[in-house]
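K.L.:
Residues per chain, in single letters:
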Amino acid sequence: MRRRSLRLVLLSLLLLVGSGVWAAPPAVAARSCESPSMSYFEGAYSAYVTSVFGARGRIEYNNPDLCGSDVSDSGISIAWSMVTAHSDADPNGLDPNLDGWAQAGYGQFGGSNLAGAPAGFHIFSQWTRACKNNGTCRGAAAVVTTYNPAPPGSTIYSNYLRASDQHIVMFAASTFLDSTSYNPAGDWDAAWAGQFFGETKHLGDDVVGVQGDPTSFDYLQKYASNGDINFFVSLSHGHSSGTRYHYSTFSPSVGGLGFRIWTDPL
Amino acid sequence: MSLELDGWRRVLHRRAGILAAVGAAAAVASIVVVITLASPSGPTNHLSPDTPGQAAALKIAVDALPPPLTQTTIQAMQAQGTEVTVGAAATALGAPAVDESTAIATAALGFYFTQGKQPAEVSLASVTVTDYGKGNPDPNAPTDLKLYIQDRPSWVVVFDDVQLPVFGPYVPGPNQPTNANYYTARLFVLIDAQTGEFLRAESL
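Quick note, the sequences are listed as chains H and C, same order.
Heads up, the first sequence is in the working numbering, so the first residue is 1 and it goes up one at a time.
Heads up, the second sequence is in the working numbering, so the first residue is 1001 and it goes up one at a time.
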């Protein structure tokens, strides 16, 4: 009798599991970090024009989930603003490897749960050295990156030509991150663009933001030659993934243009 | 949190002695130090299943004690705005509260691209970073920089041949996504010698 009751209980449990009434709590899959890694973008960019001497944007701070686990992450998810130009030797941008840039933002570059270690979140800056004669602006001798302690929250990331020495400086709010070691005139084409993106290196990485809490970009502004700062009035949507990452625009209360990005949960 | 690194140097030396006794003097001891980690301290992760108190383990292979910074490294750092003073001037600042092995572990665990890597050079130093601090972001005003890291007793941990990600601009057009680029560079990591806090890292 007792054995029969036990069988009934087990059978009931099996039926519940099979019908989905009683299911294990959903787990966030540890998505794989596929190889080779690619660069996936979701965000907005301006046209290349000679009236742009810098760009800045406020980016909300969110925590992405990366491929692998959150302990052993080997993916990357970043959000940034940038000023960029084609090479003076390639003003039409036929070879993207010759583009120069200066950018600032934040991202996750490692596990977030490593006690005793900086928690994988950093403000970063990256810029290219004078490189038009090197054949590429993406090699070891061409790129400088700094990593700094994590941002406290939503932050304006700025990159602009400093009048005093004609170098491009990179800021996170009022924190000076770095500056280029040269005046880009003669190395960069005179037409510059502003860009604002979330970026990953694997589809298994999330861009910052989820559908219920997307990541907002606003204060999307450009610098004029005299230092005046104005809103971009036109930006184009740029993206690399058809379904995984998402984008929508909104009208920020601060004025100008704004957009949000997020990742679909798997 | 517990970092089970105690005595790893002693063990390392003992292992090297055994190898020497069996005629493998050229071999370098390889020891795996298991660092037990707990108590996540990062911001809330919207998607992660991790919960407070979750423990994890990482392994760091320690092959040899890294040598101190070379003049070449010091000069390269200085060329990029980080001034490093080693030797008597650094030790005059007092004994560090954070030992070298802890600083190495902190530096190595901070990024996925340094995890498991051996540092090429490590020194206790007095460090000033001349291009990092609080400044005026007005393009028409002097930057008026107030340095965040000035004469700071720090561990300088240098990694060679690190595969660092290239970010760079989005290129409109049909060729999306693009291949991810990486560049191989030296990376120095600054760890506060008194608090163990990560201060800054930069590629050379």
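Quick caveat, the hints were computed from the structure, so don't treat them as lab data.
Being a predicted model, the structure only gives us computed values, none of them experimental.
By construction, the Cβ of each residue, glycine as well, lies at the ideal position given by its N, Cα and C atoms.
A couple of the hints might just be wrong.
Short derived list, chain H residues pointing at chain C, Cβ under 8 Å [stated by the list, open to error]: (1) Ser39; (2) Tyr45; (3) Ile76; (4) Ile78; (5) Met82; (6) Thr84; (7) Arg162; (8) Ala163; (9) His167; (10) Phe176; (11) Ala191.
K.L.:
With reference to the structure, classify each hint as holding or not holding.
P.N.:
Each hint tested on the structure:
Taking 8 Å as the C-beta contact cut-off toward chain C, the hint placing H/Ser39 at the interface holds, the least distance being around 5 Å. Proximity of H/Tyr45 to chain C holds as hinted, the smallest CB-CB distance being about 6 Å (cut-off 8 Å). The beta carbon of H/Ile76 is positioned within 8 Å of a beta carbon in chain C (closest approach about 6 Å), and the interface hint is therefore held. Annotation: H/Ile78 was flagged as interfacial toward chain C, and the flag holds, the nearest CB pair being 7 Å apart, inside 8 Å.
For H/Met82, the interface hint holds, since its Cβ comes within 8 Å of a Cβ in chain C; the closest pair sits about 6 Å apart. Because the smallest distance between the Cβ of H/Thr84 and any Cβ of chain C comes to about 4 Å, under 8 Å, the interface hint for this residue holds. At its closest, the beta carbon of H/Arg162 sits 6 Å from a beta carbon of chain C; the interface hint therefore holds under the 8 Å criterion. Nearest Cβ of chain C to the Cβ of H/Ala163: about 6 Å, under the 8 Å cut. The hint holds.
With 8 Å as the threshold, the beta carbon of H/His167 stays out of range of chain C, its nearest partner Cβ sitting at about 10 Å, so the hint is violated. The interface hint given for H/Phe176 holds, since its Cβ lies 4 Å from the closest Cβ of chain C, which is under the 8 Å cut-off. At a threshold of 8 Å, the smallest CB-CB gap from H/Ala191 to chain C is about 13 Å, leaving the interface hint violated.
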